[in-house]
Structures are given as structure tokens and as C-alpha cells.
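Protein chains in written order, with my numbering: chain L, 2 to 176; chain G, 32 to 224; chain B, 6 to 502.
Quick caveat, the hints were computed from the structure, so don't treat them as lab data. There's no promise every hint is true.
[Said to hold, decoys possible] BS3-like mimics (lysine-lysine), calculated; alpha carbons at most 27 Å apart, straight line: (1) B:450 <-> L:86; (2) B:450 <-> L:102; (3) L:102 <-> B:451; (4) G:52 <-> G:163; (5) L:131 <-> L:119; (6) B:42 <-> B:56; (7) G:64 <-> G:124; (8) L:86 <-> G:124; (9) B:440 <-> L:102; (10) G:64 <-> L:86; (11) B:440 <-> L:86; (12) L:86 <-> G:125; (13) B:451 <-> L:86; (14) B:451 <-> L:119; (15) B:450 <-> L:119; (16) B:451 <-> B:440; (17) B:385 <-> B:440; (18) G:64 <-> B:440; (19) L:102 <-> L:119; (20) G:125 <-> G:64.
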Amino acid sequence: MLVPVVILTLLGLMLGLMLGYAARVFAVEGNEVAAEIAAMMPGTNCGQCGLAGCGAAADALVAGAAPATVCPGGGAPLAQAIAAKLGLTLDLGGLADQGPKIAEVQEDICIGCARCLKGCPTDAIVGASKQIHGVLHQACTGCGACVTECPTGAIGLRPLPQTLQDWNWASPSFA
Amino acid sequence: MSEYLILLVSTALVNNVVMSKFLGLCPFMGVSKSMDSAFGMGLATTFVITVAVAASWVLDYFVLAPLGLQFLRILTFIVVIAATVQFIEAVIKKSMPALYQSLGIFLPLITTNCAVLGLALLTVQEGGSFLKSVVYGFGSALGFTLAMLMFAGLRERLALVRVPAALDGAPVSFILAGLLSLAFMGFAGLNFS
Amino acid sequence: MGILERLNGGRWGVHPHDDHKRPAADTPLRVMPLPAKLCVPLLQHVGAPAKPVVAVGDSVLRGQLIAAAQGAVSAPVHAPSSGVVTAIGPVTAPHPSGLPFDAITITLDGEDRALEAAGVDDPLALEPAEVTRRIADAGIVGLGGATFPSAPKAQLGRKLEVQTLVINGGECEPYLSSDDSVMRHRADDVIDGVRILMHAVGARTALVGIEDNKPEAIAAMREAARAFAAIRICPVPARYPMGSDRQLVEVLTGKQVPAGARTASIGVLVNNVSTCAAIHRALRHGEALYRRIVTVNGGAVAAPGNVLAPVGVLVEDLLAFVGLKEAPARLVMGGPMMGLALPHAQVPTVKACGGVLALTAAEIARPAPSACIRCGSCVKACPMGLQPLEIAARVRAGDYDGAASLQLDDCLACGCCAYVCPSNLPLVQSFQHAKGTLWARAQQKKRNALTRELADARRERLERDARERAEAAAKRKAARAAQQASAAAPGGQEMPS
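Required output: the full structure, derived from the provided sequences and hints.
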């Protein structure tokens, strides 16, 4: 009766020591995957995902708490890249119908308070105090941070019109 | 020498652990979507099986058999296997994060891979020498990797073809596995004498 | 040539049984009477769109600059006839999407008053840089369809010391005969243009490749080139897509253009015969590129043939000139293989428009697609040596990266694979879709990188601002403390009341 107990205890002790040593040698600093995913993200910390910045979103993704489509700024390509990285199945349904958007200043309502300038994570709004503001199309990610800042409701998001350059052929139906 | 070669070939092909013993079907179906992860899984399992078989043989020959404690085999072997898997998980996590991600839950599940425990038990029951047991385990593990790779390659092709809706996904994969198993039956005709 | 290529290669392409080029090619060239209005697009070339230099209400003369080139790769646009600018803004583009693009609309006065044009008597005596400048000023772009501005192309050729010009008279697309017409009727112009271009590039020889289904053009060009030893007329087998630059270069020079590279990288520059004719007119007569020969063809056209038409004429007006037998089932700009289906007839033509087709329902009929039988016909037909069936299978499964790994980038979208496919699979469209998707992904990636850069710059600025504010506050505090200390020292501490 005693022998098996002793043997199993010894075995457990031995293997435990070995694993403890291995855990020390092969320790991984932080979560490398989360860091890699955070590097793939836009990095604006715009908060559209409802999480506290891109780092938090990456952590949530790795923990499985957020879907691959969590980042609206990154769009479908980022979602696909994340899904490929984490081996998730992707449902683009929620993302496809929105399409890219861009902020637009209604010049007749804008009072030039410059509050939106401070809120923009990419410095995409130009203007100064008492001057009507404008949006740089190239820099705007359509995150909507400025919309909540504006006291007069002069900033809204509008869908980006399709151009000849970004038009794409529809996927044909095979038999 | 030729004895060991025959042992290697017969364990890898004729008595393939997946295709004729039907052990280790869980990762065989689970991690065979892409060649890369199948290869990684194959390598990890090969390492675990070889180490586990060697450790089990030593444990059985020097501790359990002399003391007449053969009834402890399953218990001790599974502890050894679990420790080996934990060890290799730490190694892969450190050195190959991408593979670690793609293997996912199937990496810790090598512990419960019946192929590993099955081979550890089979080798000690056969009662061969240490070297023979290790070659037996290694050959079987090679056979496992081979089966994984072949199946993953076929499934990669399968993803591109049109499958009737009722059979799409898992059903056609099972049919494919069955056909592959039938093909492996051809090795039963090999005569080494 | 390896054994494999001997067995299988060199047999790329397709040869349609009836190329529908005649009788349109044999009819005499007609000049289109001036329509009521022209819509001259600003983007008729690869690169940045031209910038309008006229305003609504301005009167313009034929040949007058109406939009200037912007940036290194661009081309100016000229008024094709005299009249008044009535609009500058979006019109429907000749593109299947039906999306708008910017154009200058000119309501013609019918008088066709021309701007004083100054040609050069001996362009070959000019400096090559001056020749290139004049080509650029005339707004000449590649008229074969690629629409790359000719001047930067010549400059590139000069920089890379290109020795051989390949002049593309292939015109392999069925139905089209506008290049054929140029060579038949204006062979001397073409040869002169070739000589000017050789001078501009610094090339020693020019090989003019003409498909052997155009014996009249070959004869005319031979006659015109007789006096010039450096220009060789080379009949090539009529096989689609012989008019693709890579294929023509390989047939004429035996050299293969590497994947993803330009022909200039192997010391060859390819120019279309119509482009050469336009260069001749620009240099000798000072005439900008504002009109060209367009083939109007197809089963629905009453009098098919080649028409000298101004750039920017509406397809509607062009079809009215040649007459329609029946309502066309589909309008196509370009050839039937690579041309673009038009959303409707109210679209303008562009510089590179070599043909407008009005096709009947019978001509565009195509059986419904069925399953791929893996016959490999498409692999044999592909002029780029790709495996269309494998690429299409990956596109169908949504595996765009897998498609790209099979060299989807090298696909010319020539349509040979779809033409030979016994299952009628929409191969080309699936490749176009995949290319577009991959392009959009690359764009998004670039955009994300830019966003990240901007966000980082902002973070840095905010941190710097905060630091500077803190430092300034610390300094003020220190100054105040010093002041208080100096105030307190002589008079002791004053109690606040």
C-alpha cells in the first residue's frame, strides 16, 4: 500500500521540479501575440470598439472576448488579418453594410470653437479658433470622436462615395 | 540493424497508428485544415510519443515490474505524458508563437491523445528491449505525422472543390479519412521475411 | 526552349474562327461630322488627372489647351473643335460601373476654328528632350489601350538606354481595325512617327509587328519603310493576344519580360502604331491629340467601318453617324475580349478608345456556366503560363492570398482562358474581382499605416506639449518663489488681511 503512494509522490515531485525549471527557462514576457495584434491595429485609440484603446482591444481579441471584427477603423482587411492570425472564423456580415465613412463639417453651423480639433486622434481636422474647420480626407478614419465633441452638431459622418479607382468587379457566380 | 528498419517501416506504414489502429483521431480531424499546423502537430506529437515511450519503459522496467505494481501503469504513464506535454508547450510558446496559436487547444490535448498513452502501454506490453521500444514509438509517431500531412494536403485540395451541400465540411472529411485508411490497408501485403 | 515548352509552350493564345474584322476594315475611312457637343474627360491616361485651365463660358478653339498635366505622369487635354465650355464636372464614365468622372463639356459652334499650330520642318534635328517636351505638350498617351503618357515613357527609354523599339501593329482583338486603318491609310505618318520616336529615345532599330491577317497594312507599311533600314516590318502570326506588349516582344525579340517588370527592363520599348502616327502629327504639324480613328462595328451597326472622330464624342452620336440596324444588346468600348461594357450610350470616348461595338443578343450569347472539368484548356491558352483553373478555384473559395501565390498579378485579363473554357466559367471576372479585392486590401493597409503614423505624431506632440507646460509651470513657480523670498527677506512676513 505504502510503496505505490511513495512512488507516485516521488514521480510527481520529480516532474514538478522539472516543469518548474522549464517554466523559468522558457518564460514568455507578456503576451507576444497581443503585442503583435496591437501592432496591426490603427493605433489611434479612437475607442470605436468600445474598449480602452488598441492595446485593450488586442488583449480582448487574444482572450477571445472580442470578435475579429472588433476594429471598425481597420475594416474588413484588418478583420481578415486578425482572424488568420488567431485562427478565428470570420463573419463579415456586421462590417460589410457600413462601409467606410468620413467626417464632414457643415460650414453654416460650425462656430469655430476648435473643440473637435483636440478630440481627433489623427489630427485630421484643420482650422483655428473662430475659423470654420475642414476635414482632411486622407487622414480621417471616420472614428466619430469629433461628432460627440461638437457643441452645435456641425460634424457628421457621411459614407465615402465610391469612385472609379476603388470600384471592384462583383464576385461572379460559378455554377 | 535490419530488424530495427523493419520495425520502423512496419510501425510507420503497415500498422499505422491512425490508419490501422485508429488511435489519435482527435488531432487527426482537428488540426488537419492546413499543412503547416498539421506538420507542427505531427512534430510535437512525435516528440511527446518518443519521450513518453522511453520514460514509460524505464519506469516500468526499473520500478513497476520489479515491485509488481503493473496496475499503476496507466496512472504513472499519464503523469509522465502530461509533464512532457507541459514541457513542450512551454518550449513552443517561447520559440514558435505562430505555431502555438495555430495548434491552439490541441496542443495541451496531446495529453489526452490516445495514441500517446496507447503506444506507451503497447510497448511495455510487447516486452521488447529499450531500443526496440523507442524505435517502435518513434516509428509510430512518424506514421502519425505522415497520416496528418497526407490528410491535411488532401483537405487543402478539398477546400477548393465543389462538395454537395449535405456533405460539405466534416462529412466529406470523414469519407476522405475512410478512403485514406483503405489505401493504407494496401501495406498489409508487405512481406519482410 | 526547353522540352516542356516545345511540347506545350508557344501555343498560347486563341485564334477565333471569325475575327469579324472585315468588312469594316475594308471600308474607306470616314470623317465624322461635328456633333452638337463634346465631353472631353480629364483623366484619359494613367496617372494624375489633368487640371482644367478654362472656365465655364470660355470660348475655345480647336487644338487649344483646356486642361494641363499635373505631376510627373500625366497628360494635357485639348479642345477637339471650337465652341463654348458649358460645363466642367462629372459625366458618366465609359466603364461598366456607370460611375461618374470629371469632363469638360464643350458646346460646339460648328465653325471648327483652329488655333494657329506650329509644326517643325525637321523634328529629327531637334534635341531629344525638346521632342519629348513636344510629345508631352500634345497630350499623347499610349493609344493601344494602356494609356501610359508617351513622353515619360520615352524619357524612361532614354534613361535605360533602350536600343530597340517595338511598334505594336498587332491589333489582335476581333472586330477592331482602327490600327489597321491607320497603317493602310497613313503608313508614311506612322513610319515618320517611328523615326521621331527613335530619335527621342535614342533607339537604333525599330521592329514593327503586324499580324499576318492584315496583308494590306503590311504591304503599305513595307512600302513606307523601304527607305529606312533601321525600321523592319515583321509580320507575326495572327493569334490573340499578340497585341499584348509582352507577347509581341517575345515573338519579335525572343526575350521574355520578367514578371512584374516593364519591357524597358530588357531594353525594349513598345509603342502602338496609332501613337506613332499621333507623334508624327504633333511634331510635323503641331497638332495635339484630339481626334483619332475609331472602329465602329458589331452586328447592330448598319454601316460598320472606321471613323475619324474627335475625342470626347458621345457614343450615342458616333452610333447615330454609322446608323443602327437594331437596338444593340450590349455596347462595348474596346474589343470584345478586353473591352469594357458601357452602362448606356451617353458616355464620351477617350483618347485610347480604338473601337465602339454595338453587339446583338446573338453575338453576346453565352451558355450558363457549369462545373470545372479540369480539362486544362485554360492552362494551354494562357499567354502568361498561369493556371486559370487553380486560381479561379481559390478565388471561388475566397482564398485570395492563395490566388495571389499562383501569380494572379501576372494575369493580363486577356480572356483567353474564358474563351476556351468548355464549362463557360466566368474566369476573367473572378480574376478581376480578386485583383480588386487584393488592391483594396493593400490600400487599406497603407491607410492603416498612415493612420498609425498620424496617431503617433499626435501622441508625441501632446506629450511634448505637456512636458513643456510642466517645465514652464515649474519655472514660473521657481520665479514666484524667488520673488516671494526676495520680498520677504527685508520686510519680514506680511500677514494677509
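Task: Violating hint indices (sorted, rising) - done: Every hint satisfied by this model.
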